[in-house]
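Visitor: So the chains spell out like this:
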Amino acid sequence: MSTLQFLADGFAVAFQWQNLLFAFVGVIIGTAVGVLPGIGPMSGVALLIPVTATLTSGLPTEAAAASSIILLAGVYYGAMYGGSTTSILLNTPGESSSVVTTLDGYQMAKQGRAGSALSIAAIGSFCAGIVSLLGLVLLAKPLSSIALKFGPAEYFSLMLLGLAAVSGLAGRSITKALIMTVLGLMLGTVGIDAVSGIERFTFGQPMLFSGIEFLTIAVGLFALGEVFKTILEKDDDDGQIAKINRILPTKQDLKDSAIPIARGSFLGFFIGVLPGAGATLASFFSYITEKKFSKTPEKFGQGHIAGVAGPESANNAASGGAMIPLLTLGIPGSGTTAILMGALIMYNIQPGPLLFDEHPEVAWGLIASMFIGNLMLLILNMPLVRVFAKVIETPKKYLLPIIIAISFFGVYAVQYTTFDLYLLLACGVLGYLFAKNDYPVAPLVLALVLGPMIENNMRRALTISNGDFSIFVTKPLSLVFLIVAVSWLLVPIFMKMRGKNVLINEEA
Amino acid sequence: MWKTLTKFAAAGLLLAGLAGCSSSDSSDAGDKGEKTASDYPKNNLTIVAPSGAGGGWDLTARAVAKTMNDTKLIEKSIQVENKPGGGGAVFMATYATKEADNDYMLMVKSPPILINNEKAEGNSKFGYKDTTPLAQLTRDYGAIVVKNDSPYKTLDDVLNALKTTPQDVTLAGGSAPGSMDHLVGIIPAFKSGIDLKTIKYVSYDGGGEAVAALLGGNADVIATDASTIATYVKSGDVRVLAVSSSERLEGELADVPTFKEAGIDEEFTIWRGIFGPKNMSEDAVAYWSEKLQAMSETDEWKAEVERNGWQSEYRNAEEFTKYLDEQNETIVELLTALDMQK
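Which chain is which? The protein sequence lines are A and R, in order.
Be aware that the first sequence starts at 1, since it is given in the UniProt record's numbering, and climbs by one per residue.
Be aware that the second sequence starts at 1, since it is given in the UniProt record's numbering, and climbs by one per residue.
Do not take every clue at face value.
Unchecked claim - Chain R is faced by these chain A residues, among others (derived, beta-carbon under 10 Å):
| id | residue |
| --- | --- |
| 1 | L47 |
| 2 | G58 |
| 3 | P60 |
| 4 | L148 |
| 5 | G151 |
| 6 | A153 |
| 7 | S173 |
| 8 | T175 |
| 9 | I331 |
| 10 | I345 |
| 11 | G352 |
| 12 | D357 |
| 13 | P360 |
| 14 | E361 |
| 15 | R459 |
| 16 | T463 |
In short, the hints are calculated from the structure, not lab data.
In this text, a Cβ means the ideal position worked out from N, Cα and C, and glycines have one as well.
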């Protein structure tokens, strides 16, 4: 049978009334999970597994598995839609994958363009969802073999490219951005080393054994930092900036977002396919790419719609891409897909090379339902924009305590330790001081994510090559990434030396 | 609209929880009469797999959670959490300290709980004595695996290559050097008199990533659990050269020679058991001992064991602790021979 025939069969499964209902419930819960900080897609999916098991208990195993996974996957990509909401409205990233959305999304909200930002995030997520699904249908097999070719050397070079591109997140001073990057890398070394199992910088404190939680740092620096700034600088001119002009994006907004959405979709999809890279990285890469290719890079960080459209498309596309290694190889690329895999195994369905042959009903039913689910999410989210956007009209004296409460709740729900709450407070103060002195916090957060991955993959690669560093340039893919990384740094400098008037991040 | 719906969902969950609560209480009371003064468990339970998903610990934790809930032995919902890092050492540190009093968090572990505590490098301060062993559930064996198009046809081929050109052979596994996958991988080499320091071992975060490295050509040989590799054997992607059991396994790996048959006089059993926190209350220990014993006898559990290609082996808390003491001595011997002991 051809792919189309399989897909048609998949739609036959997905259009059964109970599966439509399951997809609908899944995406609604997913949206809620995405909006609420603290409950990420991972815990959302995990919490629902026993519920779906009960709901589907009457069905035959195969059908029950299809229905369950349709609901659970709905939560997963639904959360990617909802994740941008608090980032845009409150500068509080609900999921790590929407951290970068705060940079321009929150600025847009402050300018009264929250409606545009939220709806472009929904539209971008929808387009990305469809693109990644088409990719999943057409390219699953070849892509899974390419993903496998990604060894430690390739991962190292890709991550290094991400780090080189960090200058794209800089404010006015590249020196300050580099200081923050190094700070992030240093924070990333805290904890028990995953390659050798040796403690580093833990000072014997058990709460540091598993490293410093990324979300605590991000919420502290972004959300609490902003709160402290508002309080300390008496930035309380209520009413004027907070008015919402319109809900739907303008024609100009749509025009400005079309390319970033397309680029973000493809970029996110391919990064999502790589096990271990994930949605967070996809959104960061997309933001940096948009800034690099933009004709007006100076507008980024001040409420540029491309800075919302790109990353939000990318993180949604990544969640579609992540289904490829899960379904075709049985290798989960992220925490959430690992839990989805667990759910399938519960029904005695082993994701892996045999899934599409042994259980086509489940695999194709899931893919077809994701098309339907994405459409549901778009229809569901557009009216919600109106509701959510009202949040921004709340007077500051009520809004600030709410942000603080949400931040503490969110961090505690992930970590369950009071240590992280102190860390959160400390990061809030630091975030304020950084912002006041013009130190960009995004490079720190990105370096904290990338640092451990760079290090582990470098050590793995060097073990394979017997300590020979040439492995990074003899592997073709790795070499390509390295060349791009180097030229990313050097080309603007050369062009400047030749006296060309190009816009680069100059020293302030 | 979603607000209303989530409210309904929340109410539904709450109701389900309450229903579960009352029915488990009544059945307990019927079994043990007056003795059930304890109201453990009051909350939902968690079993932690201290690795990424898809590996042996993870599958065991999920199988226990599923069987307990499906058979209604435990009505409270059981979550499985993955806490990867340091070959299990990362979570072990948390478990032995922060969670030492948390009756609601259990852990699936296997020989690394002994190995990590005894080896010199990457030593974990905490071992099985910092937990409450509750039961051994299964045993599994290690497997030496190559890709289907690999030039190595037998374990001897691999050993010869390791002897002559060790720099060309990358051995990988899902856990840190000196841990289980590593030990499984180098036991044959050690027994054949190969200099272990020349062997390149690359550690990944979990068996799933190690398999990915093998399939992608980033590792030549991997050592992993015999049970998790069966599905890749069935699909024809990999070949298993040897298993560390004393007798041939059943099912997909029935044609694979044991270490002994391949001329290596050693075996390595990967037991898996379930542990409670160090200061687990007596009520909780009694509760789990009874439930785990009952579970190990259900048909659902036996089906689960068979499906995953494990072998069932139940030891209760007392026997298990004694067995751990013995195993610990064996491992100290092995590590001493490898010059990796504490």
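Visitor: Of the hints stated earlier, which fail here?
Guide: The structure conflicts with hints 2, 3, 7, 8, 13 and 14, although it agrees with all the remaining ones.
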